[in-house]
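J.: In order, the protein sequence lines correspond to chains P and S. Residue numbering for the first sequence follows my numbering, beginning at 29 and increasing consecutively. Residue numbering for the second sequence follows my numbering, beginning at -4 and increasing consecutively.
Quick caveat, the hints were computed from the structure, so don't treat them as lab data. Since this is a predicted model, take the numbers as computed values, not measurements. We put the beta carbon where it would ideally sit given N, CA and C, even for glycine. Possibly wrong hints are sitting among the right ones.
[Said to hold, decoys possible] For each label pair, taking beta carbons as the anchor points, the in silico distance ranges come out as: (1) P:D396 x S:D48: 26 to 34 Å; (2) P:D302 x S:T160: 12 to 20 Å; (3) S:G34 x P:A103: 18 to 26 Å; (4) S:D48 x P:H337: 33 to 41 Å.
[Said to hold, decoys possible] A short list of chain P residues far from chain S (calculated; beta carbon distances all over 10 Å): (5) M29; (6) P101; (7) T266; (8) G280; (9) Q300; (10) I326; (11) I332; (12) E358; (13) G362; (14) R382.
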Amino acid sequence: MGKTLFDKVWDTHVVHRIEGGPDVLFIDRHLIHEVTSPVAFRGLKSRGARVLYPERTFATADHNTPTINQDKPVADPLSANQLRALEENTAEYGIRHWGLGHHRNGIVHVIGPENGITQPGATIVCGDSHTSTHGAFGAIAFGIGTSEVEMVLSTQCILQPKPKKMRITVNGTLSPGVLPKDVALYIISQLTTSGATGYFVEYAGSVFEQMSMEGRMTVCNMSIEMGARGGMVAPDQTTFDYIKGREFSPKGEDWDKAMVYWETLKSDDDAQFDKELTFDGSKIEPMITYGTNPGMGIGITSDIPDAEHVEEAKATFDKSLGYMGFNEGETMVGKKIDYVFVGSCTNGRIEDFRAFASLVKGKQKADDVTVWLVPGSHVVERQIREEGILDILTEAGFTLRQPGCSACLAMNDDKIPAGKYAVSTSNRNFEGRQGPGARTLLASPLVAAAAAVTGKVTDPRTLTQQ
Amino acid sequence: MAYDSFNILTSTAVPLPIENVDTDQIIPARFLKATERKGFGDNLFRDWRYNPDNTPKADFVLNDPTYTGKILVGGKNFGSGSSREHAAWAIYDYGFRCVISSFFADIFRNNCLNIGVLPVQVSAAFLEKIFDAVYADPTTELEVNLPEQTVTILSTGEKESFNITSYKKSNMMNGFDDIDYLLNIKSDIQEFAKTLPL
Ligand code: SF4
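Please take these sequences and the hints and turn them into a complete structure.
T.: Shown next as structure tokens:
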């Protein structure tokens, strides 16, 4: 029987199968950041262990960093302490560290791909659930806990039961104004937040074949929001073109050798999946969420459903709508918005800022909206300037902040105030995710742009793009 | 030994019949700034448990003295969202040793097993029975028997078995963690690394 893409990469990395237990999986690349690594380093120290392959781990500061005045000392003493711990730990163990202000610094899942660290057929882990982003390259990439960070530091392996396999095929062509984020929110709305728990997903079909690497990253990023360990897309010419020439990409003979492996990375025709789902891409609308988990999304012109028509139990559903201040049957379009956040490892890449700029060009920021535009990395920030996007943004009344996770998890000062509504291009609308009491509506950069210029939930297709 | 070993736990339970309890609720991001594993229990369910002025919310179950114990019983899809192990630490640190639900998110389940909190997945019907029994009488004890892989509502004698891999079961029963295991096979790992395509 044929193998799936997932099987091929997984099986290549199994050091050992434990009888009645998980597989010992070798990890090619390990990404760490300041929040989930300090306790792992402490564990390492107390065991007297060393870092087995320091060159396979890459560190960045992103979760807990300010997005203004990055050249000044970090004001919050606890945050500063975490940043210092990362700096000291990486120095002690010889790990590459792109700290605050470094020209390659940025969100961990943005800098991996843009520096060629992320490669097809690799196993990649990080103490952050959106590690699934890297699956866009045909890698097996998933989030881990701090105990596992310690395992990878000390042994370059973790113990994992092999997940089941699901293939999600989206055929057809996306309509104008529909972005990869909408595809992700649509799929999650169909599967619910737990619909893919226990599975690793492969995305296939013409919609993904035509999608850019940035778009594939957005969709793979959100895989975790339906419970999946990760998502992946088979590498193709789009993938190879993206990787070529980046800092850590293979060069010369190594490239040719890598290509031989990479070309094998696709599911065989007779490969079996434990579950297969197919959707029609042409049916997808710009999406928006109305509730407190990413599965609570609808087409922007649809009404909020009634309790009978959702998967949640009534009490859970009511609690969610109560938190959001919404009612069953209401229309999303026209709802007043206080904040707009464009950024995160979901939609903080250059393509997202291009999309945002394409809509706001020649328009003006709405007066009563606060807009935070946060590039995913310094590389993205530079691209925004170089492509003239910053000029468009400035003319429309927007400013750009400095790279970091920012309001995606609101660990720094970028918190949406209690009770306020934010259209966010990030990945989670959980209660309090963007600040205690904050109310988050997840959407694409285009829907965010439409909200930024109108101050309301607005279907971007009703605004002419310049 | 990384944590206390787990064999048979007999305890009253704290009911939290909400679905999709995500790890941002279990421990909000702003409490993740520590560099040591200390004090996370104080902020377990912080925003459900306390008002913005830090006064306790009377209607939240952890603030209700009626319900106590080492077992937390949650609704379906418990622990979704962020991979933060801090969520499992907060649960352990608060004093829970076991979480029962009809469905767990993957990373959370792994994190729990790695730090000595036993995630016990039961059927939706049995979960209802537990909630009913605990609400009918908050002194109802549950017996979580890891060697037998069963959970029993002691007041009614109703019992259900649960799954756990034999590897994780023996780790939990002995208080061993995966790192001990992996460090023991380090030379195999180094040999293996030489054979990789990348
Ligand atoms: S942007 Fe958000 S999801 Fe992405 S790495 Fe940062 S905190 Fe995690």
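J.: List, from low to high, the hint numbers that the structure doesn't satisfy.
T.: none
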